[in-house]
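Visitor: Could you build the full structure based on these sequences and the hints that come with them?
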Amino acid sequence: MERKTYTIEELGELTGYTRRTIRYYVQEGLVDPPAGRGRGGFYYDSHVQQLLRIKSFQEKGIGITAMVSLMKKEMPQPVLPSREVMIRYEIVPGIEINISREMEIKEPKKILEIIRIAKSIAKGKMNNE
Amino acid sequence: MNDSSQAEGILIQSNGEVVPLVGVDVQADIAGRGAKVKISQQFKNTEKKPIEAVYKFPLPENAAVCGFRALIDSRIVEGKIEEKEKAFELYDKALADGHEAQLMDEERPNIFTLSVGNIKPGGSVIIEITYITLLDSYNSEVRFFLPTTISPRFTPASQKDENGIPVSALINPPFAFAVPYGLAININIHNRKSIASIESPTHTINTKFRDDLATVTFSTDKAVMDRDFVLTITYEKGFTNRAYISREKDETFLQIDFTPDDPPEEVQANYLPKGREIVFVIDCSGSMQGDSIEEAKKALEILVKALNTDMIFNIYRFGNAFDHLYKSSRPYNEKSVKEALKYLSKTDASMNGTQILPPLADIYKEDPADGFRRDIILITDGEISNEDEVIELVQRHNNTTALSAVGIGNGPNEFLIRGVTRSAGGASELIAPWERIEPKVLSLFRKVLAGRISNLKIDCGGDIDQAPAYPVAFIRQATSIFAKIRRNDCSDKSVTVNQYNRQGTILRKWIINLEKINEETMPTSKLWAREKIRDLEEGSGLPEGTKQRQRIDGKKQKTVTDISRQYGVISRSTSFIGIENNAYTENKASGTVLLVVPTCVTQGWHDMRSIPRFSRTDVPQYSIRQRADSHIDVHESYAIPTFLRREASDNKPMAPFNKAARGIRNMLSHIRKSDPLLDILSQQKLGGGFNINKRICEILQISDSKLRSIADGMQVKNGADRLEILTTAIILAFLELKFADRRDEWEAVVSKSRSLLNVQVENPNPMVDGNPLDSWAERFAKEILGASQMA
Chain A
1 MERKTYTIEE LGELTGYTRR TIRYYVQEGL VDPPAGRGRG GFYYDSHVQQ LLRIKSFQEK
61 GIGITAMVSL MKKEMPQPVL PSREVMIRYE IVPGIEINIS REMEIKEPKK ILEIIRIAKS
121 IAKGKMNNE
Chain B
1 MNDSSQAEGI LIQSNGEVVP LVGVDVQADI AGRGAKVKIS QQFKNTEKKP IEAVYKFPLP
61 ENAAVCGFRA LIDSRIVEGK IEEKEKAFEL YDKALADGHE AQLMDEERPN IFTLSVGNIK
121 PGGSVIIEIT YITLLDSYNS EVRFFLPTTI SPRFTPASQK DENGIPVSAL INPPFAFAVP
181 YGLAININIH NRKSIASIES PTHTINTKFR DDLATVTFST DKAVMDRDFV LTITYEKGFT
241 NRAYISREKD ETFLQIDFTP DDPPEEVQAN YLPKGREIVF VIDCSGSMQG DSIEEAKKAL
301 EILVKALNTD MIFNIYRFGN AFDHLYKSSR PYNEKSVKEA LKYLSKTDAS MNGTQILPPL
361 ADIYKEDPAD GFRRDIILIT DGEISNEDEV IELVQRHNNT TALSAVGIGN GPNEFLIRGV
421 TRSAGGASEL IAPWERIEPK VLSLFRKVLA GRISNLKIDC GGDIDQAPAY PVAFIRQATS
481 IFAKIRRNDC SDKSVTVNQY NRQGTILRKW IINLEKINEE TMPTSKLWAR EKIRDLEEGS
541 GLPEGTKQRQ RIDGKKQKTV TDISRQYGVI SRSTSFIGIE NNAYTENKAS GTVLLVVPTC
601 VTQGWHDMRS IPRFSRTDVP QYSIRQRADS HIDVHESYAI PTFLRREASD NKPMAPFNKA
661 ARGIRNMLSH IRKSDPLLDI LSQQKLGGGF NINKRICEIL QISDSKLRSI ADGMQVKNGA
721 DRLEILTTAI ILAFLELKFA DRRDEWEAVV SKSRSLLNVQ VENPNPMVDG NPLDSWAERF
781 AKEILGASQM A
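Quick mapping for you: the protein sequence lines, in order, are chains A and B. Per this note's numbering, the very first residue in the first sequence carries number 1; after that it's consecutive. Per this note's numbering, the very first residue in the second sequence carries number 1; after that it's consecutive.
Just so you know, these hints were derived from the structure itself, not from any lab. Mixed in with the good hints, there may be bad ones.
Straight-line distance between alpha carbons at most 25 Å, and here's what the computed DSS-like set of lysine-lysine pairs gives [said to hold, decoys possible]:
#1 B:K305 to B:K338
#2 B:K44 to B:K120
#3 B:K56 to B:K80
#4 A:K60 to B:K160
#5 B:K685 to B:K335
#6 B:K160 to B:K298
#7 A:K4 to B:K93
#8 B:K685 to B:K305
#9 B:K738 to B:K782
#10 B:K305 to A:K55
#11 A:K55 to B:K160
#12 B:K44 to B:K80
Guide: The following block contains the structure:
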């Protein structure tokens, strides 16, 4: 099914905001930019929802400045996808150490030493038990 | 300070941003009080993509902005007026379609937002904005005022967003410590033979005289846009009542320039109450830090000393919170003055925000005592964004309390100062930091004491639409009243201005002959439209004391829009829009880059960029006070440090920059000496009498021992101080003769001296050398002045 799109005029009619106000919210990052290029872009239902959410805040008497700080608090901090490659060393079954590839390349001897000591500690401990 | 800093929540930008505004050029023509001003702003796109430049800038709040056009290459795009949201739609759509478009919105009567969209890469656009206005005048002096910077406005947390957009975003531009663009001016003052002097208390200027014109420019190519530009023109003759009738298209308009004189005593007694309560309100918010708070304290000290012993008074100071000297006003006496001065000495601008409503509400919560009329005198830079709320509050109480205001600083909020005093039936003065405070404050005080002349109606025998509907006038100050004639049944010979009392009977009337004009430069229709729009926007078209101010509703807004469109004058409900249909694919394809022009932080704001008093080299300077009918071209400029202008000082002035022109030495020697008038006034005692000291004896050219021996021979009543009575009589006679042209500065101050003396000179009049005291004093003063002239 094709995704429904709206022009800025239609968005204004649906939400009751003027064109000027919608442009301001987009400029301030309160509403996502339109899809497509520049001012001639179009909007989706998600834009309608964003504007209606702003409206519900305003109906509770919350102004834009207060809303921006509220939204910042509410918004979960984005988790950045990790680009690091980790090398996994199993010390003993159930215990492992992850070392970044960068670190491994940089300090190979130190890493090997850490693994060796870790193994000896883990084995020793296991043996004591 | 680092690249950027934060002050009161206002981000000060670092330098190095791309600024598309290249420069601002102002061309003005002034004739009498009328001024036509064209402002040209040049924008250039140095980016590789099309840009949208957005620039917030100030204009005088009473300007009738009636022209807007864009010069793009060799093409001219004439702007037209449209309803505000409709104009934005047209602009936005034009940009989306890749056209070049320009939009100008009025955010406040003194703050405008210009958007110049889709300037091509490498392209430039010049925006020309034209306004007409009638300049403020008092006696024979007019004041040309051009704001150049917007000072950051404080927005109270309670202030509602406007159409979902925070107010601070509408009126506060981004700020920078320095901007790459500057201001150039070229001001032609017509009929030069009528001009006595031209001065600027804010900038160094050059004045050239040619044919019928005096032309003023800055002495440097460009001035930094960090402070308002003020030009004071003094004419040979003061303004008198004038009335004009003009026919424009199919309509007829009246313009009455009304400059009332002192009312006859019997009339004055009718409308001036016996008791006066004066409440001073001083702004101690953060924006007043630095120069402004010192100016304000000095103004207030002068005013406190000028009060009369039959008055009651109080002082409030405010910022985020407020406090007061007394819970309620107290009589003016030695004890209260001492307490007031002590309170003032502990006052500084450390009260953060600018919450102006709570102290005013506290004053208004009780009516003035029976038989008392209350005047509030507000001293502020007015840097707030909730002007409408303040205007509404003071208007509700204007039948019991008038509010007058002194605007301080390099960029005070003129809309607040003028708007609030207009609504509260008060007087206002804007004082640039380089102007002498005393005369301004004392002349305001004189207006406050003399009271407003309100409930004025034009009568020309027919049906008219008057704007402002309820004008407020003050003696010797020109106030313009306009009218559109609805039916052509009015006299074209003369017009009557009637002043009514609250019962609807006529108190005074002025009959003024009508002069026919055919004015194309300053069309009366546009000036009428500006006033009419203001009446509707501010709700000031309502009688005094109207409890329910009608906020601008849909119907009124439509009326404003209709008037604005019909007469081509911008309003808060309309915008100027210009579109050049020259879409090119690059615009549409790549979108535009938004570049917001930063505004230079006002000099002295928050104590930032405040200038050290003694080491500066870029001080604003007076032009040479030059008679306009002289044939000497004046090019020389020189620096006069602040301390020389402000107060008596024995310090030597800075050396002139250039070779001195004729008259400079005289002027400098005049400035170097202390001002004898202020020296006299500063010796006034609370009861109105005068102290005798060495300086007074020097001015009056009489020795202390001689004065005492004359006084010893006098008979006075009630065991009064003979010496004090004698000195007071001489000083009053001396002021009348020597300082008649500066009456506004001393008249209000010495009213208590007159009262003191009147008690004594009523029968029996004390005799001096066989003559009554008053006539002896007058002869004595004449002798002193005669002797000094001979010398």
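Visitor: Take the hints in turn and mark each one as holding or not.
Guide: Evaluated hints:
Between the alpha carbons of K305 (chain B) and K338 (chain B) the distance comes to roughly 10 Å, so the proposed pair stays at or under 25 Å and holds. Restraint check for K44 (chain B) and K120 (chain B): the C-alpha separation of about 9 Å stays at or below 25 Å, so the hint holds. Taken as a hint, the K56 (chain B) and K80 (chain B) pair is honoured in the structure, with Cα atoms around 19 Å apart against an allowance of 25 Å. Distance hint between K60 (chain A) and K160 (chain B) is fulfilled; the C-alpha atoms sit about 12 Å from each other, no more than 25 Å.
Straight-line distance between C-alpha atoms of K685 (chain B) and K335 (chain B) comes to about 13 Å, which keeps the hinted pair within the 25 Å bound. Our distance criterion of 25 Å between C-alpha atoms is broken by K160 (chain B) and K298 (chain B), whose separation comes to about 36 Å. Note on K4 (chain A) and K93 (chain B): the hinted pairing holds, with a Cα-Cα distance of about 22 Å set against a maximum of 25 Å. Between the alpha carbons of K685 (chain B) and K305 (chain B) the distance comes to roughly 9 Å, so the proposed pair stays at or under 25 Å and holds.
Simply put, K738 (chain B) and K782 (chain B) have alpha-carbon atoms about 9 Å apart, close enough for the 25 Å limit, and the pair holds. Only pairs whose Cα atoms come within 25 Å are accepted, and K305 (chain B) paired with K55 (chain A) is rejected, the gap being roughly 55 Å. The hinted pair formed by K55 (chain A) and K160 (chain B) meets the criterion: a straight-line CA distance of about 14 Å does not exceed 25 Å. Of the pairs offered as hints, the one joining K44 (chain B) and K80 (chain B) holds, with about 23 Å between alpha carbons and a cut-off of 25 Å not exceeded.
The structure does not agree with the numbered hints 6, 10 stated previously, though it agrees with the rest.
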